[in-house]
Amino acid sequence: MQTLLKIDGLSDPEVDRVADVLREVAGVLHVEVSAEEGMASVLYDVRADVPVLVAALKQAGYDARAL
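Under this note's numbering, the first residue of the sequence shown is numbered 608, with each subsequent residue one higher.
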């Protein structure tokens, strides 16, 4: 499964941190983050889901939502 997440206020220095936060979620297979677009593309399996991904970002201090 794949989802796009909108991350408000994302800047270039935060891209690696956001990618790391998402990669730590069980079931995440691949992450691409774009500060320019303020988005993350996440490929994941059945162990993860969109609410878990959004919650991980919110816990790390980012305002995120699925598109």
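Read the hints as simulated data drawn from the structure, not as lab findings. Ideal Cβ placement from N, Cα and C applies to all residues, glycine included. Incorrect hints may appear among the rest.
Claimed, not checked - Straight line, CA to CA, 25 angstroms or less: simulated DMTMM-like cross-link-like pairs of lysine to aspartate or glutamate:
hint, residue 1, residue 2
1, Lys665, Glu639
2, Lys613, Glu639
3, Lys665, Asp623
4, Lys613, Glu631
5, Lys613, Glu643
6, Lys613, Glu644
7, Lys613, Asp670
8, Lys665, Glu631
9, Lys665, Asp615
10, Lys665, Glu643
11, Lys665, Glu621
12, Lys665, Asp619
13, Lys613, Asp652
14, Lys665, Asp627
15, Lys665, Asp652
16, Lys613, Asp623
17, Lys665, Glu644
18, Lys613, Asp656
19, Lys613, Asp627
Unchecked claim - Ranges between beta-carbon positions, derived for each pair:
hint, residue 1, residue 2, range
20, Gly616, Ser648, 14 to 20 angstroms
21, Arg654, Pro620, 28 to 34 angstroms
22, Asp656, Asp619, 14 to 20 angstroms
23, Glu643, Ala673, 18 to 24 angstroms
24, Asp619, Val653, 14 to 20 angstroms
25, Gln666, Ser618, 14 to 20 angstroms
26, Val659, Glu639, 16 to 22 angstroms
27, Asp656, Pro620, 27 to 33 angstroms
28, Ala642, Lys665, 14 to 20 angstroms
29, Ala667, His637, 26 to 32 angstroms
30, Asp652, Pro620, 26 to 32 angstroms
31, Val653, Lys613, 20 to 26 angstroms
32, Pro620, Val653, 29 to 35 angstroms
Results of checking the hints against the structure:
Simply put, lysine 665 and glutamate 639 have alpha-carbon atoms about 18 angstroms apart, close enough for the 25 angstroms limit, and the pair holds. As the CA atoms of lysine 613 and glutamate 639 are separated by approximately 12 angstroms, the hinted pair is consistent with the 25 angstroms bound. This hinted pair checks out: lysine 665 and aspartate 623 have alpha carbons roughly 16 angstroms apart, not beyond 25 angstroms. Of the pairs offered as hints, the one joining lysine 613 and glutamate 631 holds, with about 18 angstroms between alpha carbons and a cut-off of 25 angstroms not exceeded.
As the CA atoms of lysine 613 and glutamate 643 are separated by approximately 11 angstroms, the hinted pair is consistent with the 25 angstroms bound. Annotation: proposed proximity of lysine 613 to glutamate 644 holds, straight-line Cα distance about 8 angstroms (limit 25 angstroms). Distance hint between lysine 613 and aspartate 670 is fulfilled; the C-alpha atoms sit about 8 angstroms from each other, no more than 25 angstroms. Simply put, lysine 665 and glutamate 631 have alpha-carbon atoms about 14 angstroms apart, close enough for the 25 angstroms limit, and the pair holds.
Only pairs whose Cα atoms come within 25 angstroms are accepted, and lysine 665 paired with aspartate 615 is accepted, the gap being roughly 11 angstroms. Of the supplied pair hints, the one linking lysine 665 and glutamate 643 holds, its CA atoms being roughly 20 angstroms apart against a limit of 25 angstroms. Proposed proximity of lysine 665 and glutamate 621 is supported: the alpha carbons are some 14 angstroms apart, at most 25 angstroms. Taking the CA atoms of lysine 665 and aspartate 619, the gap is about 18 angstroms. The hint holds against a cut of 25 angstroms.
For a cut-off of 25 angstroms, the pair hint linking lysine 613 to aspartate 652 stands: about 20 angstroms separates their Cα positions. With a C-alpha separation of about 14 angstroms, the suggested pairing of lysine 665 with aspartate 627 holds against the 25 angstroms cut-off. Taken as a hint, the lysine 665 and aspartate 652 pair is honoured in the structure, with Cα atoms around 21 angstroms apart against an allowance of 25 angstroms. About 16 angstroms separates the Cα atoms of lysine 613 and aspartate 623, which keeps this hinted pair within 25 angstroms; it holds.
For the given pair, lysine 665 sits about 18 angstroms from glutamate 644 by alpha-carbon distance, which is consistent with the 25 angstroms threshold. For the hint linking lysine 613 to aspartate 656, the alpha-carbon distance of about 15 angstroms falls within 25 angstroms, and the restraint holds. The hinted pair formed by lysine 613 and aspartate 627 meets the criterion: a straight-line CA distance of about 16 angstroms does not exceed 25 angstroms. The supplied range of 14 to 20 angstroms is met by glycine 616 and serine 648, whose beta-carbon atoms lie about 18 angstroms from each other.
The given range of 28 to 34 angstroms is respected by arginine 654 and proline 620, whose C-beta atoms sit roughly 29 angstroms from each other. In this structure the supplied range 14 to 20 angstroms is violated for aspartate 656 paired with aspartate 619, their Cβ-Cβ distance being about 28 angstroms. Between glutamate 643 and alanine 673, the C-beta spacing of about 19 angstroms keeps the proposed range 18 to 24 angstroms intact. In this structure, aspartate 619 and valine 653 break the distance hint of 14 to 20 angstroms, their C-beta atoms being roughly 33 angstroms apart.
Between glutamine 666 and serine 618 the Cβ separation comes to about 19 angstroms, which falls inside the hinted range of 14 to 20 angstroms. Checking the proposed 16 to 22 angstroms range against valine 659 and glutamate 639 shows it holds: the Cβ atoms sit about 18 angstroms from each other. Separated by about 28 angstroms at the C-beta atoms, aspartate 656 and proline 620 satisfy the suggested range of 27 to 33 angstroms. Separation of alanine 642 from lysine 665 is about 18 angstroms and conforms to the stated range, judged on CB atoms against 14 to 20 angstroms.
Range check, alanine 667 to histidine 637: about 19 angstroms between beta-carbon atoms, so the 26 to 32 angstroms window is missed. Separation of aspartate 652 from proline 620 is about 30 angstroms and conforms to the stated range, judged on CB atoms against 26 to 32 angstroms. At about 23 angstroms, the CB distance of valine 653 to lysine 613 agrees with the hint of 20 to 26 angstroms. Look at proline 620 against valine 653: about 33 angstroms separates their beta carbons, and that is inside 29 to 35 angstroms.
Hint violations for this structure: numbers 22, 24 and 29, all remaining hints satisfied.
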